[in-house]
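**Student:** The residues making up each chain are set out below.
Number of protein chains: 4
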Amino acid sequence: MIPRYSRPEMVKIWEPENRFRIWFEIEAHACDAQAALGVIPKEAAKAVWERGKWDIARIDEIERETKHDVIAFLTNLAEHVGPEARFVHQGMTSSDVLDTCLSVQLTQAADLLLADLDLLLAALERRAREHKRTPTIGRSHGIHAEPTSFGLKLATHYAAFKRNRDRLAAARADVATCAISGAVGTFATIDPAVEEHVAKKMGLTPETISTQVIPRDRHAAFFAAMAITASSIENLAIEIRHLQRSEVREAEEYFSPGQKGSSAMPHKRNPVLTENVTGIARVVRAAVIPALENVALWHERDISHSSVERLNGPDATVALDFALARMTSVIDKLVVYPENMRRNLDALGGLHYSQRVMLALTQAGLSREDSYKAVQRNAMAAWENRRDFRAELEKDEELAKLLPKAQLDGLFDPDFYLRNVDVVFARVFGKA
Amino acid sequence: MIPRYSRPEMVKIWEPENRFRIWFEIEAHACDAQAALGVIPKEAAKAVWERGKWDIARIDEIERETKHDVIAFLTNLAEHVGPEARFVHQGMTSSDVLDTCLSVQLTQAADLLLADLDLLLAALERRAREHKRTPTIGRSHGIHAEPTSFGLKLATHYAAFKRNRDRLAAARADVATCAISGAVGTFATIDPAVEEHVAKKMGLTPETISTQVIPRDRHAAFFAAMAITASSIENLAIEIRHLQRSEVREAEEYFSPGQKGSSAMPHKRNPVLTENVTGIARVVRAAVIPALENVALWHERDISHSSVERLNGPDATVALDFALARMTSVIDKLVVYPENMRRNLDALGGLHYSQRVMLALTQAGLSREDSYKAVQRNAMAAWENRRDFRAELEKDEELAKLLPKAQLDGLFDPDFYLRNVDVVFARVFGKA
Amino acid sequence: MIPRYSRPEMVKIWEPENRFRIWFEIEAHACDAQAALGVIPKEAAKAVWERGKWDIARIDEIERETKHDVIAFLTNLAEHVGPEARFVHQGMTSSDVLDTCLSVQLTQAADLLLADLDLLLAALERRAREHKRTPTIGRSHGIHAEPTSFGLKLATHYAAFKRNRDRLAAARADVATCAISGAVGTFATIDPAVEEHVAKKMGLTPETISTQVIPRDRHAAFFAAMAITASSIENLAIEIRHLQRSEVREAEEYFSPGQKGSSAMPHKRNPVLTENVTGIARVVRAAVIPALENVALWHERDISHSSVERLNGPDATVALDFALARMTSVIDKLVVYPENMRRNLDALGGLHYSQRVMLALTQAGLSREDSYKAVQRNAMAAWENRRDFRAELEKDEELAKLLPKAQLDGLFDPDFYLRNVDVVFARVFGKA
Amino acid sequence: MIPRYSRPEMVKIWEPENRFRIWFEIEAHACDAQAALGVIPKEAAKAVWERGKWDIARIDEIERETKHDVIAFLTNLAEHVGPEARFVHQGMTSSDVLDTCLSVQLTQAADLLLADLDLLLAALERRAREHKRTPTIGRSHGIHAEPTSFGLKLATHYAAFKRNRDRLAAARADVATCAISGAVGTFATIDPAVEEHVAKKMGLTPETISTQVIPRDRHAAFFAAMAITASSIENLAIEIRHLQRSEVREAEEYFSPGQKGSSAMPHKRNPVLTENVTGIARVVRAAVIPALENVALWHERDISHSSVERLNGPDATVALDFALARMTSVIDKLVVYPENMRRNLDALGGLHYSQRVMLALTQAGLSREDSYKAVQRNAMAAWENRRDFRAELEKDEELAKLLPKAQLDGLFDPDFYLRNVDVVFARVFGKA
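Protein chains in written order, with our numbering: chain U, 4 to 435; chain F, 4 to 435; chain C, 4 to 435; chain H, 4 to 435.
Keep in mind that the hints were calculated from the coordinates and are not lab data. As the structure is a prediction and not an experimental result, all values here were calculated from the model. All residues carry an ideal CB built from backbone N, CA and C; glycine is no exception. Take these hints with a grain of salt, some might be off.
[Stated by the list, open to error] Listed next, the stretches of chain F that the computed footprint assigns to chain H, with coverage defined by at least 3 CB atoms under 8 Å from CB atoms of chain H:
hint	region
1	137-147
2	245-252
3	272-279
4	346-358
5	381-393
[To be verified] Within a straight-line C-alpha distance of at most 25 Å, the following computed SDA-like cross-link-like pairs (lysine to any residue) qualify:
hint	chain 1	residue 1	chain 2	residue 2
6	F	204	F	27
7	U	49	F	373
8	U	204	U	66
9	C	408	C	426
10	H	336	U	86
11	H	56	C	373
12	U	70	F	373
13	C	404	C	414
14	H	404	C	42
15	U	45	U	86
16	F	336	F	262
17	F	336	H	384
18	H	56	H	17
19	F	376	F	425
20	H	376	F	338
21	U	135	F	194
22	C	376	C	399
23	U	70	F	370
Model the full assembly from the supplied sequences, consistent with the hints where possible.
**Tutor:** In structure tokens form, the structure reads like this:
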């Protein structure tokens with residue numbers, strides 16, 4: 004993560020302050036549970052809460068000797084708590100603290116991402132409703148197909164981010180587990196009741212079965228949900244980049260006063276924000292592979308996952324948070340040009356009515372194959388010579404017999420294509 | 004997919020026979036719905052069901068000219084159905100057929116994979132219960148940690164595959180949608196009722212909003228679920244490969260009479276099946292990246308996703324099906340050596356009791372840091388000189404004062420580590 | 004690999020016939036070398052060449068019992084060769100045969116791919132020279148920037164594929180090694196002279212140091228070279244897809260008589276070939292990750308790489324071969340529309356001259372910042388109101404003082420942008 | 004990149020100080036060339052060198068308004084240089100500066116990585132020579148195969164890193180190009196001589212043909228070379244992790260006084276450094292996919308590559324630098340246990356001589372198949388019952404006839420396996 008693509012709230016989750024705070028809470032809650040079980044004195048648990056403090060510089064200093072971060076933290080904690088500190092971490096292993104802490108951090112990160120998604124969804128719905136009936140050409144293969152509305156375009160992305168919200172919420176639940184199960188997960192040296200108490204206090208659920216660690220398929224599922232969300236961001240970003248192309252100009256990122264598009268060419272207004280998140284999406288997406296490689300740890304654990312998570316945990320969540328927020332801002336301020344949409348819609352001389360003509364011909368008794376050929380013949384002539392499709396049809400004597408001019412009028416009706424917009428909006432947003 | 008790593012049922016899903024059968028059913032059900040709406044004659048729908056046939060060689064021939072597979076199919080279908088065929092596919096686009104077909108194929112594939120998982124889960128539970136109390140050393144970092152049971156090891160993997168089953172079931176639901184929404188998803192040329200009817204008949208749900216295609220984040224989620232499952236296979240495979248190492252020999256893949264391990268070395272019995280699925284897992288896992296790249300199609304669709312899905316759809320599902328079945332067989336027939344587990348458990352002279360000694364020292368009033376150092380000092384001496392840990396402790400005069408021999412006897416108790424196995428089994432399997 | 008995306012020559016490399024033929028040659032050449040060293044009788048080597056045969060069905064049958072493919076082959080070979088067969092494979096390990104065979108197959112595949120690249124390079128050069136001075140607008144961020152020529156566009160891709168050719172040739176050399184070094188690579192049971200002889204005969208170089216296998220970083224480098232080539236294919240494919248967009252129409256894939264673009268919309272002509280290779284590129288690219296994961300085999304080897312290579316070896320080479328050939332055909336037949344390029348070039352009212360005006364202003368004494376602002380002000384007015392940029396400039400009284408109309412005429416010169424085309428062509432093609 | 008896995012020299016390359024310094028040099032050298040061509044006054048070029056300064060805080064401030072980093076830099080530069088600054092950047096585009104700067108940064112990074120590799124190679128050679136004839140069991144599939152030497156093991160990795168050094172040197176050359184070609188690479192507004200001059204001064208070569216940017220297949224090749232190197236690190240790391248397993252104990256990472264292996268278990272000494280670089284390798288490796296996705300930019304460029312490079316450029320080079328250095332330290336200080344190697348070598352009762360016995364039987368006239376079966380029969384009996392292989396053979400009356408005891412003595416010779424070590428060392432290190 005780099006400042007350029009970071010927002011402070013998400014960054015804070017990954018800072019030492021937050022991590023040590025969570026470590027402390029895990030240890031202190033565990034002491035409470037141990038005291039309730041009679042394993043350690045009640046005074047010891049109380050002392051931990053009362054005198055528990057830590058100092059990051061001092062922890063770093065101890066870690067340089069012990070080469071073990073949790074031991075360094077515990078040693079520093081003991082320096083503040085005093086003799087009762089010997090009852091801290093009883094029967095626990097470092098991973099009980101580290102993995103439960105990571106679960107808390109990931110749920111915190113997930114909550115920010117879910118809030119980001121809610122804002123993006125709100126922006127998409129607002130703009131979709133605004134342009135519910137703004138006609139625009141639908142394109143498959145980059146080629147004009149049939150009309151749709153700009154609101155329907157945005158509704159498609161709304162639905163995708165809605166699914167991503169559901170996936171991320173499921174992934175949040177997947178990683179929201181607590182393991183306080185001792186050296187290799189047997190609860191030999193610690194009672195399962197401690198895990199239950201800590202889980203409850205930290206907003207987690209007890210892990211079904213842990214080894215020394217919480218199983219990494221959970222984390223892989225979390226990175227996968229982020230990767231899919233990133234890909235949906237890319238999808239929306241590419242849509243906008245296409246719409247802003249010089250030849251299309253149907254929509255444009257907001258360009259602020261004083262902004263400059265190019266050092267060489269003063270005329271430029273580039274879709275740099277959506278290009279930017281397109282790139283960020285690649286980075287978030289690629290983090291799924293190391294997360295998957297982390298699943299196959301050796302026996303009851305090896306620590307190869309740790310460096311991956313120290314790097315990609317912050318990087319992927321911070322980048323995705325940034326990209327979601329940037330995309331929300333783009334949608335919120337997007338400059339839409341309905342008149343250009345109309346211009347593009349009309350540019351091909353009505354070619355997009357070809358299906359309606361073909362269907363009318365089959366209804367008039369022509370086979371599907373013959374109808375297709377007849378329409379294709381006229382469409383290609385119009386396309387290649389930049390002529391008007393309707394005019395071509397009217398000149399085609401064979402077709403004139405089957406499709407009188409009055410019927411053609413009915414077919415070349417732009418409103419026809421939006422007749423079911425309400426149905427679709429009701430499906431997407433709950434109400435039309 | 005190659006025959007060596009394929010099973011016939013999964014292969015069949017991806018063969019032309021199945022695909023064309025599904026295409027036909029989609030078209031025929033759509034005709035029924037269109038007839039019910041009065042858009043096409045009831046006789047036409049009836050004719051399609053009655054006379055609908057197709058011939059793969061003929062379809063291929065037509066496709067060579069039209070360069071369009073759905074048109075080739077429809078043309079061939081029309082050759083059998085006759086004039087009423089002109090009412091087939093009315094208002095639909097090819098992707099309505101192709102994407103809905105892919106949804107059916109993926110749900111068929113998911114059903115096989117879920118059945119595979121059920122068999123693997125059954126095998127894991129059976130072997131886990133068999134070895135519920137078979138003691139074995141737990142290892143973190145590849146280093147002896149504390150004892151666990153072989154049943155707990157298997158239970159860990161059971162729980163992972165259980166989660167993968169849930170993820171795959173969710174992914175199945177994610178891709179089980181039907182789109183019959185016309186050229187760019189507006190329902191301009193086809194009534195939403197047709198989609199509802201076809202969805203119901205094909206065991207799917209109507210897509211919330213489609214463009215020309217069903218959105219590809221759904222498919223990406225499916226590939227992600229497969230990728231995580233593959234990684235869990237790798238995890239279990241690596242466990243078995245470790246256990247079969249010459250120095251460990253705690254378990255072994257079944258080696259059949261007549262089997263040969265090496266062309267050069269007749270003494271070899273290698274864990275080739277688990278090595279094999281380790282590699283297959285890499286291939287299934289890597290398919291998630293193209294699936295994620297497929298999400299960002301241009302506008303209302305481009306067809307770049309199609310070649311990816313034609314290649315990776317069969318490849319990944321067939322390979323995962325094969326790997327799951329192979330893994331089930333490995334677990335079912337796994338040769339377990341409890342006596343070797345015991346031998347390894349005892350090999351380090353009781354070092355794995357180090358935590359219990361340390362905890363007893365803290366309970367005896369020593370600080371955590373001093374307890375740690377005292378135990379570490381004796382442990383390292385035992386480790387480096389291959390001496391007995393307990394003997395070292397008894398020789399240590401400082402410790403002898405705090406831990407009388409009788410108390411040491413209580414600490415060096417192998418049964419201690421399995422005292423909570425029932426609790427964990429109840430969590431994993433529903434009952435101990 | 005699937006027939007739809009396969010070409011026979013590349014497929015043949017991966018068929019059993021070719022594999023067993025190579026295995027036989029390796030074994031027979033090794034016998035020659037062993038006979039020359041006096042390790043085995045000269046008659047034995049002769050017998051192998053004279054009577055050596057094999058039968059695929061029979062090999063399969065033996066493999067079902069032995070579960071070992073090389074042993075099955077050797078057993079079947081012995082059935083034909085007779086008693087002298089006991090001297091075959093002396094001191095060798097299966098991997099000596101398998102890995103050296105894979106080296107041969109990969110060099111065969113590389114040769115096809117290099118030939119593919121030569122054809123693509125030829126097509127690109129031919130079309131680049133044809134359109135060396137065909138003016139077209141250059142676009143950054145999808146936004147009109149400054150003019151370039153269509154030939155320069157193609158020359159860029161030529162240079163990229165030239166680099167890919169070099170990379171693939173280097174990767175070919177990387178995998179073109181032969182290992183005949185015995186069970187764990189020590190040459191304990193076989194003389195290094197055997198390896199040298201076989202290497203020479205098979206067109207390979209002796210591996211510097213092998214374990215039981217040829218090190219997999221070599222193969223990873225080969226897949227990486229293919230992945231980069233695939234990405235360059237995607238780059239060119241996306242260029243063409245953009246140029247074929249309805250709004251752009253500067254170039255178009257050849258659309259054959261009888262071809263149909265859409266089942267629903269007879270007017271459609273879609274860039275399906277370049278979309279297709281865009282998808283194939285994703286698949287080839289993703290194969291690099293499993294190849295990289297294959298590098299870290301355990302100790303002197305584990306066999307996890309094998310399933311990856313059995314799947315991805317054929318899949319990636321066959322797909323890349325197909326994509327290169329398809330791309331060559333697309334370039335060869337590409338329909339180019341210079342008049343549309345001109346139309347697009349002129350569409351923005353001369354905005355692309357903005358840099359020249361700005362530079363002239365700085366030469367006239369204005370600071371860079373003020374020049375920029377003055378030009379940007381007029382450019383934005385032209386852009387937003389679809390007005391002519393030059394006309395705006397002429398109306399701007401402040402600028403009129405610095406840039407008299409005559410000087411403006413000189414700046415608004417379309418030929419200016421192609422004045423260094425010869426220089427660039429000479430760099431790319433060796434001569435202008 | 005995070006401090007925990009970063010070394011200062013590599014970090015510095017990516018800091019703003021270095022970036023702006025390079026930008027300045029590019030602009031100033033370009034001015035020199037422009038002055039030599041007479042495009043700008045000689046005094047202007049001189050003024051740039053003499054008065055050129057910049058202030059990072061001020062650049063950030065300007066960028067907040069212009070949203071363009073190069074313009075912000077140029078504006079701030081102009082504030083120091085004065086009126087002559089209007090001649091800076093004449094005819095150039097931002098990417099000329101940015102991409103040439105990235106080329107310089109990547110060559111700087113490559114130089115550090117090459118130096119890292121030299122140190123690792125030196126460490127590997129030193130330890131390989133030290134243990135050139137230290138016998139140890141070679142393992143395939145994790146199963147004892149035949150003896151090798153620990154020096155040969157290290158030599159294998161030496162050869163791999165040698166290849167990676169070559170690949171990285173080639174990749175360095177691939178990215179060491181300079182582009183000063185103007186807005187879309189046509190040299191319309193700037194003479195090719197400027198590019199040549201800047202290239203020479205910055206230690207680069209002129210780019211064959213650029214668009215607005217240097218083509219990204221070059222950068223992808225650089226990331227691919229890093230990814231392969233990372234995979235070789237993983238390979239070596241996994242070897243060491245295996246050797247340190249409790250059951251194997253043939254080598255061990257250095258464990259410093261005061262170090263603690265586990266918070267719970269004082270007896271632990273874990274291979275945490277090699278586990279750590281195993282994880283880092285995953286992260287470096289995964290960066291190759293976004294780099295490949297960056298290749299297919301739109302037309303003459305889009306800026307989606309930029310965020311990928313801002314994130315992964317520093318991350319991957321810093322992480323790889325760290326992992327190489329850490330691996331060098333691990334090798335340098337690796338604690339090797341020849342006596343444990345010997346113990347493991349002998350643990351299977353001579354099973355690893357099986358091939359020699361089989362070959363002797365074929366030389367004695369038995370067919371390969373019968374020899375194999377006879378040896379396998381005795382080997383399996385020894386293996387399953389933990390009996391001595393040689394004793395089994397001597398008891399086998401059938402074999403006793405073919406292999407008299409004296410001949411067996413000759414076969415069971417541990418020195419036999421190292422007889423070609425000198426040959427291999429000469430290949431790997433240039434001299435034995």
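**Student:** Work down the list of hints and note, for each, if the structure agrees.
**Tutor:** Evaluated hints:
1. 137-147: With 7 residues in contact (Cβ-Cβ under 8 Å with chain H), the coverage given for the region 137-147 of chain F holds.
2. 245-252: The restraint on the region 245-252 of chain F holds, since 6 of its residues have a Cβ under 8 Å from chain H and three suffice.
3. 272-279: Check passed, 5 qualifying residues.
4. 346-358: holds (count 7)
5. 381-393: Satisfied; 5 residues make the cut.
6. 204(F) / 27(F): holds, 13 Å
7. 49(U) / 373(F): holds, 22 Å
8. 204(U) / 66(U): Judged against 25 Å, a Cα distance of about 28 Å means the pair is violated.
9. 408(C) / 426(C): Violated: residue 408(C) and residue 426(C) sit about 31 Å apart, past 25 Å.
10. 336(H) / 86(U): violated, 38 Å
11. 56(H) / 373(C): Measuring from Cα to Cα gives roughly 21 Å; hence the hint holds.
12. 70(U) / 373(F): Holds, at about 17 Å.
13. 404(C) / 414(C): OK: residue 404(C) and residue 414(C) at ~16 Å, within 25 Å.
14. 404(H) / 42(C): Cα-Cα ~22 Å, so holds.
15. 45(U) / 86(U): Between residue 45(U) and residue 86(U) the Cα gap is close to 14 Å, so the pair holds against 25 Å.
16. 336(F) / 262(F): holds, 15 Å
17. 336(F) / 384(H): holds, 20 Å
18. 56(H) / 17(H): holds, 19 Å
19. 376(F) / 425(F): violated, 34 Å
20. 376(H) / 338(F): Since the Cα atoms of residue 376(H) and residue 338(F) sit roughly 22 Å apart, the hinted pair holds (cutoff 25 Å).
21. 135(U) / 194(F): holds, 19 Å
22. 376(C) / 399(C): holds, 13 Å
23. 70(U) / 370(F): Cα-Cα ~20 Å, so holds.
Checked against the numbered hints given earlier, this structure breaks hints 8, 9, 10 and 19; the rest are met.
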